[in-house]
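Take the given structure of chain A and dock chains B and C to it, following the hints.
Protein chains in written order, with our numbering: chain A, 1 to 263; chain B, 1001 to 1316; chain C, 2001 to 2502.
Some hints could be false.
Some chain C residues near chain A, calculated using beta-carbon distances under 7 Å [stated by the list, open to error]:
# : residue
1 : A2244
2 : E2295
3 : S2353
4 : Q2363
5 : E2367
6 : L2380
Taking lysine-lysine pairs in the PhoX-like style, the calculated list, with each CA pair at most 20 Å apart, reads [claimed, not checked]:
#  : chain 1 : residue 1 : chain 2 : residue 2
7  : C       : K2071     : C       : K2104
8  : B       : K1173     : C       : K2213
9  : C       : K2333     : C       : K2370
10 : C       : K2481     : C       : K2497
11 : C       : K2122     : C       : K2174
12 : A       : K43       : C       : K2292
From the structure, some residues in chain C lie toward chain B, with a derived Cβ separation under 8 Å [unchecked claim]:
#  : residue
13 : S2232
14 : D2247
15 : W2383
16 : S2388
Source of the hints: derived by calculation from the structure; they are not laboratory data.
All C-beta atoms in this analysis are idealised placements derived from N, C-alpha and C, irrespective of residue type, glycine included.
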Amino acid sequence: MKRKKKNLNFHIGLVISGIMLLMILVGLFYTPYNPEAMDSTLKNAGISLAHPFGCDNFGRDILSRIMVGSRTTVIVGLATVVIGTFFGIIIGAFTGYFGGLADEILMRIMDALLAFPSILLALVIIGLFNPSTWNLIMALGIAFIPSFARIVRSEFLKCKNMDYVTAAKLNGAGDLRVMFVHILPNTIKVLSSSILIGFNNAVLAEAGMSFLGIGVMPPDPSLGRMMSEAQSYIFSNPGFAIFPGVVLILIILGISLIGSYLE
Amino acid sequence: MNAKKIIKKFIFMLLTLLLVSFLVFLAFAIIPGDPAVHKLGTQATPESLEALREEMGLNRPFFERYASWLVSFVKGDMGVSYSYNMPVGDMILDKLPITLTMTVLAFCFVLIITFPTGILCAKHNGGKLDRFIVILNQIMMSVPSFFGGILITIIFGVVLKLFMPGGYISYTKNFVKFLGYMCFPAIAVAIPKAAMSIKLLRSSILAEAEKDYARTAYSHGNTTGDVLIHHVLQNAMIPVVTFLGMALADIFAGSIIIEQVFNIPGMGRILLSSISNRDYPVVMAILVLLASAVIIINFIVDIVYGIIDPRVSQDD
Amino acid sequence: MKRKLFKLFSVVVLATLTIALTACSGDKETASSSSITIGIPQDMEDSLDPTKAVAAGTKEIYFNIYEGLLKPDENGNLNPAIASEYSVSEDGLTYTFTLREGVKFHDGTEVTAEDVVYSLNKCADAGMVSAFSNVTDISVTEDGKVVITLEKPDVDFNTALASVNASIIPASNKDPDHTGIGTGPYKYVSRSPQENFILESFDDYWGEKAKIKHITLAVVANTDTIVMNLNSGAIDMLARVTSAQADQLNDNYEIYEGTMNLVQALYLNNGVEPFNDVRVRQALCYAVDKDKILEFVSDGHGSKIGSSMFPSFGKYYVEDLNNYYTRDLDKAKELLKEAGYENGLTFTITVPSNYTQHVDTAQVIVEQLKEIGVNAEISLIEWDSWLSDVYSGRNFQSTVIGVDASTLCANALLSRFESTAHNNFTNFSSEDYDAAFAKANAETDDELRTQYYKDCEAILTKEAANVYIQDIAELVALNKKYAGYTFYPLYVQDFSKLYIVE
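The shape of chain A in the complex, shown without the other chains (with noise of 0.2 Å):
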């Protein structure tokens, strides 16, 4: 029975991901409209057949801009998540590996990292540079990194002196070897669902800094930047809003529905 629901739960997020992902990848090649081209006869335009998420406010296609939107945020999401993790990796690994001094300090600044939530860290990282969407990736990525590290770090504490490990060692296995070849893999499980979570929480940090008008550059479209130029509008062109909400409550969900199972 439960493990039933979970499957359920699983396949419900592989679709919804699976239809998200297609869109971007369409996206790629093809969208109904130009994403940036501006027409002063559809400002504000409401769904119509040509137009089925109507247009904004410099009528431009919503639908084009969500499909290739949503691969910016998706973009924003998946690099944050790959700086966080490599970086992350890296420190926790040889921090729970060695331990001693270099352990300690590096701990102590993660902590000193961690006190703060990651997205007024990433607010404050922005401040030190001018927002555009590298940036916002940047300090995604550094804000992300201690959580990633101190995952890895208590994986490895774990690990390092179990059988297996110490087998490996008595084989003649240098300790680097050790670390990424026999250690990592069994921190993936944990790892992994760490993976999906951050990503979720990634998305969500940059639809909040786009928001706040941080976050990726105009006339580029993401998501959480199409929500907060719709703000105006709320009235007379809800979708505006709507629909990027709404598409951006979907990939958060699929992910989150298969991270549910791993978990």
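Then chains B and C, alone, in the frame of chain A:
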């Protein structure tokens, strides 16, 4: 956990606090953008800029500035805001009640929603209601808080007219109305957090219910509801309460965005405007205070855990 | 234990619900009949000392609290205020002011000649008004008149005296940064950062008294919630709503239409590639369609401009310059080809992110330039970074911004294009311009002077110094309970003329 360990942890906590203050100070020292330029705006001349930099103490060496800032900060003097020309401490004291009220309200809402719903779900595990709530929960967790805020504004403010969107009333003017207004942003912040804690509570109850003591209670003829409330819940609450403790900082961070949606002049607003104004004293004070609160809460949780559960104190 | 927990729990539930319900039921504010809540998009972060005020958003409010010797009116005239009359010596070097009798400060004391000397010296020291650098002496005569002596003749010096920075404040005020005392129709009551700024009418005002007693200036930091705040009645007035916002307002609001008195342009850094080539600048002028920009950004409201001058400056404004460049894509491409950019051109437009109109304008420009093969990219930066990088550092290729006039004379909009001007952020350099501008400044005959200024404007247009776009439409939303909103040819708000409709 012995006294020596506690002292060691305490020293580490102080080190972390020091590190936080240093990182924050460093970050704002290397940020491009000059507070003197901001202050003088389009009318600046090189001479007036130089004079103002001297007056603001921006020309002194980095470590000298850090040391003097830290010493006065510890003494409770957080400096003077560059843009408002008023003591940072006063500004924060003025805004803290607003954000604190929202955080506390949101926290109460999380509690009010979580416990009945979580228990209900666990009681009817696998039933229609349970499945409906689980699905609803997944969706609620996926809603960005500002989107939720916009929806709440439209539903409760524009359609039902339960409150006046943007009609924030200061707590000094009318406390009851202030609370009434703050309920709505608090709900927006509370919903995703409540969804997460319901999920946690539900699975934690189900896991506890599988355990021997719960099975024994059932075999003594207690009804499901009795066992749940009297035996299981107390144990199941531990991970949830931990989560809620951690969630406090998140709720605060979430309030930065929600304050924008509901036009509330709280700490988040001050923080955002100070970041873009390069009003270093204000930003640093808020960041350091917030991080300190988080670190101190973590320290207390750590100690309490070490006392309850000796296994935890081994490492990490 | 569990009982207690449950009790506590239910108490929390009940208490929260009760508070929520009781608070919600009595939400309608019983507004006192003579008060108004006015939304302001940014907080006023300046000192309360008017001589130090920087931000345009602050100065336009201070206009209600502080006054100078002279005061502008809505028709662009300079009227005596603290001074009742004044005379200028024949060589144009000495200004003599007779003070008005019985003008009182908000603290009840009378304005003295010493206060005037103190304030004007303070203004000169603060350096916010460039015309004051020409002042050699400010003194009081035996019969209580104030005499200002200049180094060089300056016919427009009187306009500087009407600027908010040259306001008269009491010399007895020991803490002008935090205690705002002026002579205006409204007096400062209190402020709360990022929340509000409260004013109250001044009963002993020397001129026509304000009609509304209490004014609350509420900070609306998130401009996207403006429509909701107005429709819900949380604020009664907001200057500078966009046309899209105005369209969504309910019947309770009247929209007053004027212009912002800004020279909005795609400002080009004439000192760097590719804009050091006049042909590239002209090509952009030919490629940009001002009408379309107006249509996208403000539904066709606003006035097109062709040089660094806007219509409300009346006699200095040259309408013909608007159509000097009519959209001609072939000509634009040809000019680009001549300049060696036939294979296209890429450049960056740096825009401060807090100004929606400028960001929107930049987006439209990017689209229009694509048609001549020019690839422009937008970089949004904080207002602060804009000031340091673009305005002070001149480290940019192009930017969209609106420049306002600090005083009521053409000089305020034209002086920055003199090649050596300290605020010539576009690095514009033209010998013809410098000559024409110098001639205008030296001229004491008003008609000739105006003609020389017009010559300056024409040079800016022909040289395509910048792509001049528009004076942005200013739409003011005012609840129909109130009336009397008045537009000025300067960036000011006059609250004293607002009144309640019976």
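Structure-based check of all given hints:
1. Interface restraint check: A2244/C against chain A, minimum CB-CB distance 6 Å, threshold 7 Å, status holds.
2. This hint holds: E2295/C has a C-beta 5 Å from the nearest C-beta of chain A, less than the 7 Å allowed.
3. Hint on S2353/C holds. Least Cβ distance to chain A is approximately 5 Å, under the 7 Å limit.
4. Using the Cβ-Cβ criterion of 7 Å, the hint placing Q2363/C at the interface with chain A is satisfied: the shortest such distance is roughly 5 Å.
5. Look at E2367/C: its Cβ gets to within about 5 Å of chain A, closer than 7 Å, so that hint holds up.
6. The interface hint given for L2380/C is met, as the beta carbon of that residue sits about 5 Å from the closest beta carbon of chain A, less than 7 Å.
7. A distance of roughly 16 Å separates the Cα atoms of K2071/C and K2104/C; the hinted pair therefore holds under the 20 Å criterion.
8. Proposed proximity of K1173/B and K2213/C is supported: the alpha carbons are some 18 Å apart, at most 20 Å.
9. Annotation: proposed proximity of K2333/C to K2370/C holds, straight-line Cα distance about 11 Å (limit 20 Å).
10. In summary, the hint linking K2481/C to K2497/C is supported, as the alpha carbons are separated by about 14 Å, within the 20 Å threshold.
11. With a CA separation close to 13 Å, the supplied pair K2122/C and K2174/C stays within the 20 Å bound.
12. For the proposed pair K43/A and K2292/C, the alpha carbon gap of about 12 Å is at most 20 Å, so the pair holds.
13. Because the beta carbon of S2232/C sits about 4 Å from the nearest beta carbon in chain B, less than 8 Å, this interface hint is met.
14. Interface hint status for D2247/C: violated, as the beta-carbon distance to the closest one in chain B is roughly 16 Å, over 8 Å.
15. Proximity of W2383/C to chain B holds as hinted, the smallest CB-CB distance being about 7 Å (cut-off 8 Å).
16. Proximity of S2388/C to chain B holds as hinted, the smallest CB-CB distance being about 4 Å (cut-off 8 Å).
Hint violations for this structure: number 14 only, all remaining hints satisfied.
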